[in-house]
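Chemist: Listed below are the residues making up each chain.
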Amino acid sequence: MMRQSPNILKQNKLKQWTRITILLLLCLVILFVPFPIPDAPPTDRHIRIEASMFQFTPSEIKINKGDHVTVDLVSTDVVHGFSLDGYNFELKADPGQTSSGSFIANRTGVFRFRCSVACGNLHPFMIGKLQIGPNLLLFRGIILGFLAIIVALLSIKTKK
Amino acid sequence: MTRLDLTQFPIIQKILYSRWPQFLVRAITLAGFIFTILAGILGSIVGSHNFAIIFVWIAWWTALKLFFIPFGGRSWCSICPIPMPGEWLQNGGILQPSGKGIGLRKKWPKVLRGNWLQAGGFLMVGLFGALTLTSARITAIILLAIIVLALLLSLIYERRSFCNYLCPIGGFTGLYAQAGPVEVRVKNAKVCAEHAEKTCYNACPWGQYPLALKSSANCGLCMECLRVCPTDNIAVNMRPWGSDFGPKTKHRLDEAFLGLVMLASVLVDSAVFLGPWGQLKTAAYEIGSIPWFIFAGIFLFGALVVLPGFYAASVWVANRMGNIQNSFRKSLSHFSQVLVPLGLIAWIAFTVSFAFVKFTYILPVISDPFGWGWNLIGNSNTAWVGETTTFSLFFQVILLSLGLFWASRVARQISDSTKQALPLIAFCAVFNLSLLWLLIG
Ligand code: SF4
Ligand SMILES: [Cu+2]
Chain A
1 MMRQSPNILK
11 QNKLKQWTRI
21 TILLLLCLVI
31 LFVPFPIPDA
41 PPTDRHIRIE
51 ASMFQFTPSE
61 IKINKGDHVT
71 VDLVSTDVVH
81 GFSLDGYNFE
91 LKADPGQTSS
101 GSFIANRTGV
111 FRFRCSVACG
121 NLHPFMIGKL
131 QIGPNLLLFR
141 GIILGFLAII
151 VALLSIKTKK
Chain B
1 MTRLDLTQFP
11 IIQKILYSRW
21 PQFLVRAITL
31 AGFIFTILAG
41 ILGSIVGSHN
51 FAIIFVWIAW
61 WTALKLFFIP
71 FGGRSWCSIC
81 PIPMPGEWLQ
91 NGGILQPSGK
101 GIGLRKKWPK
111 VLRGNWLQAG
121 GFLMVGLFGA
131 LTLTSARITA
141 IILLAIIVLA
151 LLLSLIYERR
161 SFCNYLCPIG
171 GFTGLYAQAG
181 PVEVRVKNAK
191 VCAEHAEKTC
201 YNACPWGQYP
211 LALKSSANCG
221 LCMECLRVCP
231 TDNIAVNMRP
241 WGSDFGPKTK
251 HRLDEAFLGL
261 VMLASVLVDS
271 AVFLGPWGQL
281 KTAAYEIGSI
291 PWFIFAGIFL
301 FGALVVLPGF
311 YAASVWVANR
321 MGNIQNSFRK
331 SLSHFSQVLV
341 PLGLIAWIAF
351 TVSFAFVKFT
361 YILPVISDPF
371 GWGWNLIGNS
381 NTAWVGETTT
391 FSLFFQVILL
401 SLGLFWASRV
411 ARQISDSTKQ
421 ALPLIAFCAV
431 FNLSLLWLLI
441 G
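Heads up: the protein sequence lines correspond to chains A and B, in order.
All letters in the first sequence, in the order written, are residues 1 to 160 by this note's numbering.
All letters in the second sequence, in the order written, are residues 1 to 441 by this note's numbering.
No lab work stands behind these hints, which were simulated from the structure alone.
Glycine included, C-beta positions come from ideal geometry on N, C-alpha and C.
All clues given are correct.
For lysine to aspartate or glutamate, the following EDC-like pairs were computed, each having C-alpha atoms within a straight-line distance of at most 20 Å:
| hint | chain 1 | residue 1 | chain 2 | residue 2 |
| --- | --- | --- | --- | --- |
| 1 | B | Lys-190 | B | Asp-5 |
| 2 | A | Lys-62 | A | Asp-44 |
| 3 | A | Lys-129 | B | Glu-387 |
| 4 | A | Lys-92 | B | Glu-387 |
| 5 | B | Lys-358 | A | Glu-90 |
According to the in silico footprint, chain B covers these stretches of chain A (three or more CB under 8 Å from chain B):
| hint | stretch |
| --- | --- |
| 6 | 56 to 65 |
| 7 | 118 to 124 |
From the derived model, a few chain A residues whose C-beta atoms are all more than 12 Å from chain B:
| hint | residue |
| --- | --- |
| 8 | Asn-7 |
| 9 | Arg-19 |
| 10 | Thr-21 |
| 11 | Ile-22 |
| 12 | Ser-99 |
| 13 | Ala-105 |
One chain only, chain B, in its complex shape (with noise of 0.2 Å):
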C-alpha cells in the first residue's frame, strides 16, 4: 500500500528529530494539566464556569476524537503530560535520557497485560461519568490521581507501563489508533536484522521494537526510536486510514474486549447526556442511590453480556460461514477488527451531536477560568444555551453512514466470502441504528 515518508523531508525530520519542539509543547500541555487541576479545585462548582469541566470535557476530549486520533493515530499520547513526571525520574534527566534514572524497572505482571484493566477503567468512565462531567473538583482530583498513579508506577515498573496496561485514554488511542493515518516503521528490515544492538528498542518508553511493529495500537509515536537509530532507518508513514486491519494481522481477544467496552460506552452516554430521560440522568448522577445502582447494573449487563453477547453470536454464525473452521476464541478476535472504524466513527457522531452544542462555553471560561467573575479576554457573558442545528444532524447522519460503510468493507475484506461477511454486518447496522436512533431519533 502507499506510504508517504514525513522523514524525507528535511524540516519535518528536523523537528522530529530535535527533542525540543516536543518537550516544549509537553511543557505547555503539562502547565495546561497542572492548571487545570487548580482551576478545578479553586474555581467556581458551577461546571459550565469551570475551566476544568470546560477543558477537559468540552474541548480536549473533542480534540481527541475529532482531531487527534483521525489524523494522527496515537499523536496525542506523544505530547501527554500524565507520564512526564515520571519519565524525567526513569531517564534521570528533562529533555533526554542520562543513563542514571531511578525506578525499580520491574516488569510489568503477565496476568494484567492487554487492554483489559484499560477497559475497566472506561467502563469506570461509563459508571461515574455523570459525576465527573459535572463536577470540577471530581474532575481535577481524578486529573491528580491519574498522574499521581503514572508517577508512581513509573518508578515501580518499568517503562510507560501506566500507559499500556492502565491509562483508559490509551486503551481508546491505542485501539482507534490502528485506524488512523500515521505509523511509525522500520524503512529497510534488513538493515535493522544486521544491527545487533537494538537501540531502538532498548530507547522505546512503550517497549516496542520497530522491526517487529504490526500495529500502531501500541506506539505512542513519540518519536525516541527516530532520534536514536544510528543508521536513520526510521520512518514516519501517512498511510490510508484503516492499514492496520487484514485477513491476516493478529488482533486478541482483550482488544474484542476493549472494543466492546467502547461501543456500549457511546451508547449509554448517548442515552444519558442526549436522550430525554430525566430521570436516567438522575440515577446515573446519584452515586450510591438505589436508582444509581439499578442504573449500573442494567449498564454493566448491557456492556458485559447483552452486547458482548451479541458480538459473539455474530462471530460463532460468521465462523460457521467460512470455508476454514477457525476457533471460536481466535475468531473472536479476528473479526474484533471491525469493531474498530465501528466505534471510532459512532465516538465521532457522539462528539459531534454532544459538543458542538457546548462550544459557546470555550471562550467565556478562558476569559474567566475559574468562575471568579475575571474578564480577561472579554469574553465572559458570552456562553448561551446552545442548539443542534440542521447542519449537524445531517452530519451526524453522514458520519454513521460512513462508519457503517467502513465497517461493513472492513467485515467483507477480513472475511473469506459475503456470506461471512454478513452477520458481522448486522451486528453493525443493529448497533448504528441504535445510535442513529438516540442521536437523531
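Just chain A, with the same shape it has in the complex (with noise of 0.2 Å):
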C-alpha cells in the first residue's frame, strides 16, 4: 500500500462524491426524460371485456394516449367489478348484465385493472392490463440496468 497524503485522500473523496452525484443524475435522466414519441391521434375505443371467475377478457388490451374509451364490462357468472388503477374508474356489472362507462386516456403507461368486487377465493389476483401509449417505463428499466452492469463493472476497476 503507498502511503496517501491526507490532502490526496480528500481529494479520492470528493472525486468519488462527483461520480456518485452524476451517476445519480444520469440515472435520473434515464428514468424521467420525456421522449419524444408521436402519439397517434386519438380515437374513439369501443371496448367489450368480459369478466367471469377469475379472468377478464381480453386481460390485455393496448390503446393510444388520449383516446377516449368506453368500457362495457359484462359479467359471465357472479358480480364482477371493474377498477382501473390510476384513473379513478370504476365498473360494477351483476351477471347476465352489461355496465358502461367512459374516460380519456390522458395517462400513458401501463396500469393493471382488477375485480373490485369480491367474487371468490382468487378475487384479489383477477387482474388485466390496459396499456397506453408506449410501455416507456419498461424501457428505461432496460437502459437502467444496462448502467447498472457498467458502472458495477467500473465500480471494481477504479479500486484495484
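Assembly of the complex is requested from the two constituent chains, each provided in isolation within its own frame, with the hints serving as guidance.
Modeler: See below:
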C-alpha cells in the first residue's frame, strides 16, 4: 500500500462524490426524461370486457394516449367489478348484465385493472392490463439495467 | 472491512445479554402465532377478511423481506415462535437451560443435511401457493403442522435441526442473510483458541462454533453464545451489505440449488399472482385437476431444468474463461453467490408490487380478525381494492436495477476477470429482464 497524504485522500473522496452525483443524475435522466414519441391520433374506442371467475377477457388491451374509451363490462357468472389503477374509474356488473362507462386515456403507461367486488377465492388476483401508448417505463428499466451492469464493472476496476 | 460492534454500547449489550427482552418478544410472536391459527380455523372463509391470510401473507411475509432480512439478516429467527416449545423441552426450562431437558438428541442424518429439503419445501410453496395464499383454513393448518413438526423433531434430533435443515423460511432467511448487515463473530480469535471448554458451541441451538463462523447463513442471531461466553468475546457487528461474498468464501452446491429455486419461485409467483392470465391462476389453484398438473409440470420443469440449465451453462462458460480451471461442481457452488443479491432484491421488488396494493386490508383485519363483523378499532370496512401507484412502479424499476448492479458486482468480485464475470452477468440480466417484464410490462 502506498502512503497517501490526507490531501490526496480528500481529493479522492471528492472525486468519488462527484462520480456518485453524476451517476444519480444520469439515473434520474434515464427515468424521467421525456421521449419525443409522436402520439397516434386519438380515436374513440369501444371495448367490451367479459368478466368471469377469475379472468377478464381480453385481459391485455393496448390503446393510444388521448383515446376516448368506453368500457362495456359484461359479467358471465357472478358480480364482478372493474377498477382501473391510476384512473379512478370503476364499474360493477351484475351477472348477465352490461355496465358501461367512459374515460379519456390521458395518462400513458401500463395500468392494471382489477376486480373490485369480492367474487371468490382468487378475487384478489383477478387482474388485467391496459397499456396506453408505449410502455416507456419498461425501456427505461432496461436502459437502467445496462447502466447498472456497466457501473458495477467499473466500480470494481477503479478500486484496484 | 469496517464493522461496528453493537456490544460496545452498554444499553444494547444489556438488552442482548438479558434473556428477558427476547423472551418477551417471542412470547408475543408465539401468542400471535397461536391467534393466527385460531383465526384461520374459526374465522371467515373470505380470505381478505381473515386475520390469518392478511397477517401471514401480507404483513409478516412483507416485513420479512422488506425489513427483517435486508436490515437484520436472520433477525426474524431470533424472535421466531416456531421452535420455542421444542426448545423449552430440550432445555428443560422456559427462560434458560436447566440442564434437565428431554429429547433423544440424535444427530440429523448426513444425507439430509444442507439446504436440499428447505429448497424442496419452497418448491411446495410454489406448487400449492395459490391455494394456501387464499385459504385461511389451509394457512392455519400449515402453521399448526409446522409448529408440531418442529416440536416433534426437537424431541428426536439435537438442537434446532428443524430450523437448520427443514424450515423453508429458514432456508430463505439463511440464504439471504449472507447479504444482510448483521453478524455474530468472535472479537478476538486468540482468546477463543485458548479457551478449551467451548461453552458457546455447547450452548448454541444452531450447532455453530462462533470462532469458525465464516458466513451468517446458519446463525440465527439467538445471542446464546454472547450470554454464555465467560470472556465477553462475542461481538454483534453491523457490517456492509454483502459481506459474506468474496472470491475465497466457501459455498455449497445445495446453496446454488436453493438460490435457483428461489429465483424460479419469484418468477412463478409474479406470473400467477400479478399477471393477467386468469387460466394460469385457476390452474395453480385447482390442485389435483389436469390444468394443475400441467402447471406443476411446467413449473417444476422450469425450476429444475430450464433455470438450473441456464445457470449451469453460464457457469460452464465462465469457468472456461477463467485463468485457473476449477472443477465444474466447485464452480457451480462458487458462483452461486451471485444468486443471493439477485434473488433478494427480486423478492423485494416482487413484494413491493404484490403487497403494497393490499396494505389497506391490514387495519380492517385487526379491527375484525375473524371476519365476524366486529369493529374493535373502528376500521372494519375501510379496505378498498387498492392500486399500483406510479411511485411503486418506479420503485420496482429502481430496485431491480439495484439488484442487477449488486449481482454484477458480486459476479465481478468472485471472478478472475470481467470476461469471466460476463456470462454470469448475462444470466442475471436475463432473469431480471423477465421479472421486470412480469412486474411492470
Ligand atoms: S429457521 Fe424457521 S422455525 Fe427456525 S427460527 Fe427461523 S423461521 Fe423460525
Ligand atoms: Cu371478480
